[in-house]
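Student: This is what each chain is made of:
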Amino acid sequence: MNSRIQHLFDQHPKRVLNVYFTAGYPHLDSTIEIIKQLDASGVDLIEIGMPYSDPLADGPIIQESSSKALSNGMSIELLFKQLSALRSFTSIPVVLMGYMNPVLQFGFDRFCQEASKCGIDGLILPDMPVIEFQRTYSSVLKKNHLNMVFLVTPETPEERVRLLDRCSSGFLYAVSSSSTTGKDKDFSRVEQYLSKLKSYNLSNPILVGFGIHNADTFNAVTQLADGAIIGSAFISILTNKGVDPATINDFVKSIKGN
Amino acid sequence: MQKLFSVPDTDGYYGEYGGAYIPEMLFQNVEQLKEQYLDIMSDDSFKNEFNALLKDYVGRPTPLFHAKRLSEKYNTTLLLKREDLCHTGAHKINNTVGQVLLAQRLGKKRIIAETGAGQHGVATATVCALKGLECIVYMGEKDMQRQQPNVARMQMLGAKVIPATSGSKTLKDATNEAIRDWINNPIDTHYIIGSVVGPHPYPDMVARFQSIISQEIIAQLSSEYGVKSPTRVMACVGGGSNAAGAFYHFLDQPNVEIVAVEAAGHGVHSGMSAATTQLGVTGILHGSKSIVMQTSDGQVVEPHSISAGLDYPGIGPMHAHLFSSGRGVFMSATDEEAMKAAFEVSQLEGIIPALETAHAFAVLNNMKFGKEDLTVICLSGRGDKDLSTYMSELKLKQS
Ligand SMILES: Cc1ncc(COP(=O)(O)O)c(C=O)c1O
Chain P
1 MNSRIQHLFD QHPKRVLNVY FTAGYPHLDS TIEIIKQLDA SGVDLIEIGM PYSDPLADGP
61 IIQESSSKAL SNGMSIELLF KQLSALRSFT SIPVVLMGYM NPVLQFGFDR FCQEASKCGI
121 DGLILPDMPV IEFQRTYSSV LKKNHLNMVF LVTPETPEER VRLLDRCSSG FLYAVSSSST
181 TGKDKDFSRV EQYLSKLKSY NLSNPILVGF GIHNADTFNA VTQLADGAII GSAFISILTN
241 KGVDPATIND FVKSIKGN
Chain B
259 MQKLFSVPDT DGYYGEYGGA YIPEMLFQNV EQLKEQYLDI MSDDSFKNEF NALLKDYVGR
319 PTPLFHAKRL SEKYNTTLLL KREDLCHTGA HKINNTVGQV LLAQRLGKKR IIAETGAGQH
379 GVATATVCAL KGLECIVYMG EKDMQRQQPN VARMQMLGAK VIPATSGSKT LKDATNEAIR
439 DWINNPIDTH YIIGSVVGPH PYPDMVARFQ SIISQEIIAQ LSSEYGVKSP TRVMACVGGG
499 SNAAGAFYHF LDQPNVEIVA VEAAGHGVHS GMSAATTQLG VTGILHGSKS IVMQTSDGQV
559 VEPHSISAGL DYPGIGPMHA HLFSSGRGVF MSATDEEAMK AAFEVSQLEG IIPALETAHA
619 FAVLNNMKFG KEDLTVICLS GRGDKDLSTY MSELKLKQS
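Taken in order, these protein sequences are the chains called P and B.
By the numbering used here, the letter at position 168 of the first sequence is numbered 168, and the numbering carries on one by one without gaps.
By the numbering used here, the letter at position 133 of the second sequence is numbered 391, and the numbering carries on one by one without gaps.
Just so you know, these hints were derived from the structure itself, not from any lab.
A couple of the hints might just be wrong.
[Unchecked claim] Cross-link-like lysine-lysine pairs, in silico, DSSO-like; alpha carbons within 30 Å at most:
(1) B:313 <-> B:389
(2) B:400 <-> P:68
(3) B:326 <-> B:626
(4) P:36 <-> P:256
(5) B:305 <-> B:292
(6) B:486 <-> B:305
(7) P:142 <-> P:36
(8) B:598 <-> B:655
(9) P:256 <-> P:14
(10) P:196 <-> B:292
(11) B:389 <-> P:196
(12) P:68 <-> B:427
In isolation and in its complexed conformation, chain P is listed as follows:
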């Protein structure tokens, strides 16, 4: 069975925009409202962050939104409650991003069942070791029709990129260098890296994340990749302007164009 993510990419879309936000931020009950507005403004894919006390792979902006979400009272239990009617109002692909500890505490099997029941399409768990995935978790994900997205970085050697591609389904998450800022000299390195990934002819589409924050960076990376993920820049919008439909719409349009 193909997930909504696979269905999306089956149509060979160009410039896929995936927007990340932290569940429970800025307010405990913002989750559904944000999904609706992102969907309405033309985003292709949504990544919902499950807040964690020690989010090692995230920068300060997402880290802060996580602490705020936790102090607002967000939990996995509550998130699944909020998402229980997700598929009654949208068919946009949705992935959950988080860390292993809260998921294990919830119970991995139970987590996958609940996610699947809500109509979640995939998971990003940056600290899941490939070896544990292969040994234990892959079959649980498959049983619950969930895609699994692994990360690759500019330092990942080809052989391992191919391994991570084989373990992934839906898409592969390419971490750009954290200093991506558009057209400066660092960017030529990102270009080289993305060209290299492209030349591997991997089985999954590639979405680029980290440091994508405006139309310039989005346009630049989507020349070479299937799409990009915007996180911190969107969280900053929520911090400054709240969950405001016009602002969210303007932000998405400013990146993707009309």
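With the hints as your guide, set chain B with the ligand onto chain P.
Tutor: Below, chain B with the ligand alone, put in the same frame as chain P:
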């Protein structure tokens, strides 16, 4: 092959604990370390340089001191392994000498570290100064306040100390910041973790560097007491590096009792504690599966201990395995008990212990010793850095 308590399997597991739960951004660095640490450590030029520095710079071997007045009080024989006499005042430097030499052989130019009590930070800054390497130390803002002398020492040694301001502003948060730094500097930087925590191979690597402690204990027991092993070995446990070093060569000798002492803070069930094995459940923290203090929702909780070096919501995977298998006896001491013990050791033996170390002495009251027992206590560090905390206790006593 029989499973050992001292050494993990090839994937870094001690029983069910360990492994490497790290984001891909750290994978290449950790993988490089995993592939090379054993080869580098067994290389003759490495061993010669490591051993020479331990001898001439750190001041090893450290004495195994018969604490006669304490022994008399508990009607037994207590032997103190004097890690407080190491250069910089604690066992932490055994590991930093090893890791700095290793980092040089990996071609790294920049060293980062986290620190709680500041002892690991000072030990890292010291060896970096010796070897001319750039050194950045992350330290919780709260810990910078309660361990000011060590902050000054690090700065005098030329290290940059960066405050960690998230969460509880203590060791856990400093560790998060150090890991983030490593993620952002994947090429030229080596991260020196200060305890037997973190992703594989760190717990094993740090335990091996610290195992010099029990290696010396064996030689000293044999030459001074004519025995091969003690009745028991005791140590305080934060992440567990001094304990791992003191226990190491005895872990697979079932006749030697292993006693680990955690920090109970205001009391194990007070909500202000760092007694990880008593309060935690299986989870993942800082890259390995272990026992972790957390909420039912899987959020890591902010622990409490008066001693910054024990104020940590996790424990090394080796110790989680010692606990859950029953191989080790795990006890805990409150802030108050540790404080009392610090004064007792000071006034009976003329040795002012670190607050961390004082926890190991604080449980002596609750133990049963045979008269013929030989008990080795790891005196992990000296108390100079804790004088302001001790002085406020003195003032309380006088008023
Ligand atoms: C003197 C001393 N003992 C013990 C510890 C606790 O660390 P570990 O459990 O790794 O030995 C510290 C940590 O800072 C310390 O400074």
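Student: Does each hint hold? Answer for all of them.
Tutor: Now for the hints, and whether the structure bears them out:
1. B:313 <-> B:389: holds, 17 Å
2. B:400 <-> P:68: Roughly 21 Å separates the two Cα atoms, so the pair holds.
3. B:326 <-> B:626: holds, 18 Å
4. P:36 <-> P:256: Holds. Residue 36 of chain P to residue 256 of chain P sits at ~17 Å (cutoff 30 Å).
5. B:305 <-> B:292: holds, 18 Å
6. B:486 <-> B:305: Answer holds: residue 486 of chain B to residue 305 of chain B is near 25 Å, not above 30 Å.
7. P:142 <-> P:36: Satisfied, since the Cα-Cα distance of roughly 28 Å is no more than 30 Å.
8. B:598 <-> B:655: Cα-Cα ~11 Å, so holds.
9. P:256 <-> P:14: The hint holds at about 11 Å.
10. P:196 <-> B:292: With a Cα-Cα distance of about 27 Å, the restraint between residue 196 of chain P and residue 292 of chain B holds, given a limit of 30 Å.
11. B:389 <-> P:196: Judged against 30 Å, a Cα distance of about 38 Å means the pair is violated.
12. P:68 <-> B:427: holds, 16 Å
Hint violations for this structure: number 11 only, all remaining hints satisfied.
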